[in-house]
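Undergrad: Residues per chain, in single letters:
2 protein chains.
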Amino acid sequence: MASSLFFLRATKLYHSHSRLLIVVATVSTGGGTLAYTSYADSRSIVDDVPKKKVVVLGTGWGGTSFVKNLKNSAYDVQVVSPRNYFAFTPLLPSVTCGTVEARSIVEPIRNIAKKKNVRVEFEEAECYKIDPINKKVYCRSAQNKILEGKEEFTVDYDYLVVAMGARSNTFNTPGVEENCHFLKEIEDAQRIRTTVVDCFEKASLPHLSEEHRRKLLQFVIVGGGPTGVEFAAELHDFVTEDLSKLYPSLKPLVNITLVEAGDHILNMFDKRITDFAEKKFQRDGIDVRLGAMVTKVTSKEISTKDRASGDLKSLPYGMVVWSTGIGTRPVVMEFMKQIGQTNRRALSTDEWLRVEGTNCIYALGDCATIQQRKVMEDIEAIIKKADKDNSGTLNVKELKKVINDISERYPQIEIYMKRKQFKDIVELIKSVQGNDEKQESTQIDIASFKKSLSEVDAQMKNLPATAQVAAQQGAYLADCFNRMEDCDLNPEGPLRTRKEGRHRFRPFRYKHFGQFAPLGGEQTAAQLPGDYVIYGHSTQWLWYSVYASKLVSWRTRMLVVSDWMRRFIFGRDSSRL
Amino acid sequence: MASSLFFLRATKLYHSHSRLLIVVATVSTGGGTLAYTSYADSRSIVDDVPKKKVVVLGTGWGGTSFVKNLKNSAYDVQVVSPRNYFAFTPLLPSVTCGTVEARSIVEPIRNIAKKKNVRVEFEEAECYKIDPINKKVYCRSAQNKILEGKEEFTVDYDYLVVAMGARSNTFNTPGVEENCHFLKEIEDAQRIRTTVVDCFEKASLPHLSEEHRRKLLQFVIVGGGPTGVEFAAELHDFVTEDLSKLYPSLKPLVNITLVEAGDHILNMFDKRITDFAEKKFQRDGIDVRLGAMVTKVTSKEISTKDRASGDLKSLPYGMVVWSTGIGTRPVVMEFMKQIGQTNRRALSTDEWLRVEGTNCIYALGDCATIQQRKVMEDIEAIIKKADKDNSGTLNVKELKKVINDISERYPQIEIYMKRKQFKDIVELIKSVQGNDEKQESTQIDIASFKKSLSEVDAQMKNLPATAQVAAQQGAYLADCFNRMEDCDLNPEGPLRTRKEGRHRFRPFRYKHFGQFAPLGGEQTAAQLPGDYVIYGHSTQWLWYSVYASKLVSWRTRMLVVSDWMRRFIFGRDSSRL
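Residue numbers (full-length UniProt numbering), protein chains in the order written: chain R, 1 to 577; chain B, 1 to 577.
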């Protein structure tokens, strides 16, 4: 009764304040109600200028970020993806154990798309072939049961944005595809959740030997990266905080094993974080096996080989989750073959995200990798460009004039100088030439200059396959499309080294905002830009607040926060759904 | 930023007030934290008296209500069910369209069971055979993939409670099993939700004819009972309130058709409600086809036959939901054969829920039906019992002495008298005998007495297959088990008509608390006891508050209320999950 009274009162409140709520929503989503109107308008006005058609493949971080940031009404956008929603993937490990519900971290792409002044259409279909010659993509309806006959169709494009992501990489290990769970999609997380409960229910059946129960409760995670580590931590929390209350007799039989081929888990993080994580896992009783390669997975056992000693081991398991890096999707692989990009992990693009060897095709996110141009390839052209007076020699003054453009075009120079703690290019040259003069007329010894730059290219690293990178690339590309006409007239990029004039746009630059590694028990390690490292209890709150503020929409933000609240109060649900 | 600040403050508040929260929870669940302790105690004490083993088959309304209400520690309980949770099924239609999330209406059975002083074990398995002779049930693990070899096991019982529910009844209509959705389980509701979104996504694909789009957006519901009607209403709301915003061009192509073989929808309700519902549906544009029998369902079309005219019609469809009454589960059918109950819809029990022809087996809920004993079968014995002085005649005084016991044993007498508006048995007799005397010594004409009761048995009706009935039966049976020893010594039931003494317990009596039929657009019709009928806008709030107060646990209550809130603010999610 108390509850229903409360509810009635709350709904009354809702009704009397609904205007207020709508106003708040309008302000916070950047014009929720306004957006409807403008969307309707954009549909009804007769277009006099023929619009360019942009086709976006994929609704992950890259594609969604692109669609969200595109504001130029000179384009018609068509999004093709087998998923009609965007998923906030950093919370996927939380979905595996019900800390957060699957629906709380997804947002229909149509919802994201309609909040804009640009006409965006969406097709729930899978692209299975790209035809760059006829500017066409071939698609297939994602669910083909009730759609007879017309399952396949083609879409023409003027510009194509490939943002199809990657798939899990099994490194061709036998049995992985058939017997392991992956953790890339929402459905994967839901299946893992069901399987964990299944293992506990199975192990509760009567007449089983203790050995059999132990086997069913042996959880193996392969891969000590952030996803694997976070899943191991979530699973440990789920078992100790929730399942142990419902299955008290099974608690001592549970074992969580994390298998990592490298020497440490979280090896892309600072050493302090790695140490902290390994010690935390040891205290929690999570069995971390370092330097162990998986050689085979059968339906009953997982086999590993110690990299150092060559020892072979077998472990019977209840569930294996495979989380070790990414591989190329077949359709991307096929497209790479077509355009002559063979022997690569992903679509190779230039610094403006244009796919090499194609026209009007862009690629971003996990399916792409930026091929940064090397300084040494262009060194002669650079020197020639800097030598304004065509004297055949370079002085400091001449070099200073072009250095900004050059560092923009070749960011590895800046990274190198930062690492060596040089203040500017003069110090870099000085370090090689060895003299102390800084006068602008000082002649630069070209041979030494070349030598000073020779180490620079080694600084280039591929960007990590993370949500941050893809989201920044999507936003960057949308910004380029938004200002396409302006920048055609007033190019804003760096000087061209081999031709006259400037590049139309500044090249893409990744800005690292740090990374979190939740370790369970409300502890999180965070590596922030500028080499700051924090870990421990309070960090979890930072993590919560950063993620809550980053979620796609106010809807998902509220849902995730309320899921967290629910979990605090009621724990995680273990119904087998 | 604002959101994260709010969140941090809220969590601080949570932490400083967590003690308060726990206290509130303790009071409201009737001793949440206390229950843990007593559960642990009951596990650790050494039992000196051997306990009787009660096996409960099923975790639906009947089984769960029984387990929840059983308090007598003289029993060990073992629950066997393929579902490790209890689902609050009246909200299933809401799950189909995401008004409420599936997880919000389920509660793990282990959670329900552990709050008691009785040892309750649970096995996630399906019972496939009952052996009443050896007092054994045969079970099979519900998921058999990872459990090799020992998939099957048996469980012995002293008492067996069969509460396995029913399955959907296709009336052997060809193609229904293969092509239609049902709406009995949580998974059914989830599948329907996905299929609705699928239909919209399919219909959005390019190059389809308008006819094809219309076909994909043709939703057919078969069965005009409360479930079918509520689903039609939910679907209509989902389409008009949410999907029409995301798929504006498809809105005019959607068609919802409700097919009912009878003359009216909701025919178990008052005529006023039926009228109101039919008019509301007409205004909403839901196409109600009355008197139409479904003859066949293919993968493309559903065929109907008009009962009056015999006209045959075919309707191409996108999705069909079949919701027309219940049928017997195969395992129950098999058990009925074993115990000689053939040609019946469900397990026949006596008024104490004991399965006829068995020993120590009880059945309740949708899989059972109470075989009320007829007055006319026992009339001679009743007269003999009433004739205390063995005079061979009956007077009013003698009859009055036994009438309470008789009406308790044969509730149809009371129903009959209520309907005829007789105040007591004397008026009943008077109506037949025709004299006005009420003196206690008045002799009763036995032939007339028999005649007066002859119409009574026709009043007997089977109880409806509803959650209310099953829940009341479960609570009744648990109460009997709780007081088994007491009532062995002091029987509290009515006088036995054919033997000496009294029955041990009062027979089960169903108390109808009314029924709701949500009609969409926040309108609900309600039929309350005593022939009260309400419908219209405000009723939805009554429905919400009644259901919120009835949900299994505080957890589910809070989740459902917060789901309703979410829906008010953000609408329903249409991501294809």
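No lab work stands behind these hints: they were computed from the structure. The structure displayed is predicted, hence computed values, not measured ones. Some clues are possibly wrong.
Here are the in silico distance ranges between beta carbons for each label pair [unchecked claim]: (1) B/Ala458 x R/Glu187: 49 to 57 Å; (2) B/Ser249 x R/Asn343: 29 to 37 Å; (3) R/Glu522 x B/Ser549: 31 to 39 Å; (4) B/Ile339 x R/Glu522: 36 to 44 Å.
Calculated cross-link-like contacts (lysine-lysine; reagent style DSBU-like; alpha-carbon spacing at most 35 Å) [said to hold, decoys possible]: (5) B/Lys251 x R/Lys550; (6) R/Lys251 x B/Lys251; (7) B/Lys52 x R/Lys251; (8) B/Lys300 x R/Lys52; (9) B/Lys550 x R/Lys129.
By construction, the Cβ of each residue, glycine as well, lies at the ideal position given by its N, Cα and C atoms.
Undergrad: Could you work out which of the previously given hints the structure breaks and list their numbers from low to high?
TA: 2, 4, 6, 8 and 9
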